[in-house]
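Trainee: Numbering (the numbering used here), first residue to last: 9 to 400.
Simulated from the structure, these hints should not be mistaken for lab results.
Among these hints, one or two may not hold up.
[Unchecked claim] Quick list of simulated restraints, FRET-style, between CB atoms:
{"#": "1", "residue 1": "Ala52", "residue 2": "Ala186", "range": "22 to 32 angstroms"}
{"#": "2", "residue 1": "Ala179", "residue 2": "Val391", "range": "52 to 62 angstroms"}
{"#": "3", "residue 1": "Pro123", "residue 2": "Asp185", "range": "25 to 35 angstroms"}
[To be verified] Only pairs whose alpha carbons sit at most 20 angstroms apart, straight line, appear in this in silico EDC-like list of lysine to aspartate or glutamate:
{"#": "4", "residue 1": "Lys286", "residue 2": "Asp185"}
{"#": "5", "residue 1": "Lys286", "residue 2": "Glu298"}
{"#": "6", "residue 1": "Lys169", "residue 2": "Asp185"}
{"#": "7", "residue 1": "Lys155", "residue 2": "Glu206"}
{"#": "8", "residue 1": "Lys199", "residue 2": "Glu146"}
{"#": "9", "residue 1": "Lys157", "residue 2": "Glu140"}
{"#": "10", "residue 1": "Lys251", "residue 2": "Glu298"}
{"#": "11", "residue 1": "Lys395", "residue 2": "Glu359"}
{"#": "12", "residue 1": "Lys355", "residue 2": "Asp394"}
{"#": "13", "residue 1": "Lys378", "residue 2": "Glu298"}
{"#": "14", "residue 1": "Lys87", "residue 2": "Glu194"}
{"#": "15", "residue 1": "Lys155", "residue 2": "Glu140"}
{"#": "16", "residue 1": "Lys355", "residue 2": "Asp396"}
{"#": "17", "residue 1": "Lys46", "residue 2": "Asp99"}
Quick caveat: nothing in here was measured; it's all calculated off a predicted structure.
Positions of the beta carbon are idealized from the N, C-alpha and C atoms, including for glycine.
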Amino acid sequence: MSDYSYFCGIDLAKNHFSLHAVDQNGKVILHKSVTRSKLLTTIANMPLMRIGVEACGGAHYWARTLNKLGHDARIMAVKYVVPYRTKGKNDLNDAVAICEAVQRPSTRFVPVKSPEQQAILSVHRPRRVVIEATGRLEMPFIFACDKAKLPYVIANPLHVKRFAGTIGRRAKNDRLDAALIAHFGEAIQPKLTQLKSENIRLMSDLVPRRNQLLSMQTMEKNRQQILPQSLASSIKPILTALKNQIAKVEEKISKLIDTCPEYQAKNEILQSMPGIGKIASASIISNVPELGFITNKQASSLIGVAPITRESGRLKGKRMIQGGRAQVRTVLCMAMMSAIQCNTVFKATYERLLAAGKPKKLAIVACMRKMVVILNSMLRDGVMWDKDSAKN
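Given these sequences and hints, build the entire structure.
Mentor: Quick look at the structure:
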């Protein structure tokens with residue numbers, strides 16, 4: 009049980025503050041907004057309370073000030089407040105949610121920092137620069153940040169969009185988006201992004217470019233089949249040019265792997281598995297450099313082949329895969345289609361799942377997860393493919 013009989017949530021702002029206070033029985037004793045000049049007077053006339061505030065720029069100052077009045081001010085991250093917001097988002101409703109969260113024993117609080125601690129941190133704490141991934145348009149900015157030695161985060165746009173939905177933000181323009189991304193970085197504090205090496209960046213460009221050329225080649229071949237002969241003849245030079253460009257890109261990929269001892273060693277290990285070709289190997293090397301340095305569960309989740317549980321009470325929904333690095337997952341899917349034909353280990357697993365009544369796509373995904381686990385173990389231990397070890 010708490011040592012306090014009264015609890016209060018304060019939604020901090022620049023000029024107006026929203027307050028919501030209750031007693032230990034949940035009875036509301038205060039629910040209003042006050043100006044900045046009247047906040048301390050209002051709190052001073054209240055009984056001693058545990059007061060909750062969301063982490064923000066002025067949270068530590070106000071927590072110290074409220075503690076001097078004899079109250080117990082607690083700072084919490086916004087993620088602990090959001091689940092208790094039951095109505096539309098406004099300042100008073102936020103104060104209600106904060107008041108609810110501060111009473112929960114599961115809520116984790118941020119230690120209140122002294123002015124000296126904040127001064128030291130303002131000098132030594134790295135600033136977090138957050139930018140959304142925008143299809144390579146962000147790269148000049150990223151290079152500039154790296155050159156200036158500024159810590160930065162390349163945020164997934166979907167994560168930012170879902171964060172906006174979580175806090176009830178629906179309006180959208182460039183200025184609001186910038187504020188939203190800043191709020192996302194402050195509240196979620198995503199892991200800092202490390203700039204990939206030049207070779208990895210080049211490989212990451214070559215593999216998608218090959219896929220783009222293959223897509224264009226497929227479209228031209230389809231047009232060649234349905235267009236009149238007089239028009240179809242114009243497609244042949246295009247197909248020839250695409251074929252030559254694909255060959256050049258593949259040659260660049262091979263040369264890049266051969267010129268880097270680390271990539272060459274990884275490539276030999278990966279291609280020792282029947283079903284993994286040079287393109288699948290290059291895609292793994294460029295897009296999943298973590299493979300071999302993480303656990304099997306982390307590898308499966310990273311690529312997006314780990315089933316996501318959907319259970320609530322008595323409901324047990326079908327598990328599904330979602331998220332992860334889609335480009336690698338697509339390449340591995342194609343590799344698995346080959347592996348179930350030429351690799352006895354995956355062929356046996358696939359046939360066993362089909363015999364058990366599993367759908368074909370589910371069986372393919374299960375085999376892909378097994379492939380990821382085996383590849384991760386092979387790279388971690390630096391060993392070649394061994395079908396006897398893979399069966400275990």
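Trainee: State for each hint whether it applies.
Mentor: Outcome of the hint check:
| no. | hint | in the structure |
| --- | --- | --- |
| 1 | Ala52 x Ala186: 22 to 32 angstroms | violated, 38 angstroms |
| 2 | Ala179 x Val391: 52 to 62 angstroms | holds, 55 angstroms |
| 3 | Pro123 x Asp185: 25 to 35 angstroms | holds, 33 angstroms |
| 4 | Lys286 x Asp185 | violated, 41 angstroms |
| 5 | Lys286 x Glu298 | holds, 19 angstroms |
| 6 | Lys169 x Asp185 | holds, 10 angstroms |
| 7 | Lys155 x Glu206 | holds, 14 angstroms |
| 8 | Lys199 x Glu146 | holds, 17 angstroms |
| 9 | Lys157 x Glu140 | holds, 19 angstroms |
| 10 | Lys251 x Glu298 | violated, 32 angstroms |
| 11 | Lys395 x Glu359 | holds, 17 angstroms |
| 12 | Lys355 x Asp394 | holds, 15 angstroms |
| 13 | Lys378 x Glu298 | holds, 17 angstroms |
| 14 | Lys87 x Glu194 | holds, 11 angstroms |
| 15 | Lys155 x Glu140 | holds, 19 angstroms |
| 16 | Lys355 x Asp396 | holds, 14 angstroms |
| 17 | Lys46 x Asp99 | holds, 17 angstroms |
Hints 1, 4, 10, counting from the list given before, are not met by this structure.
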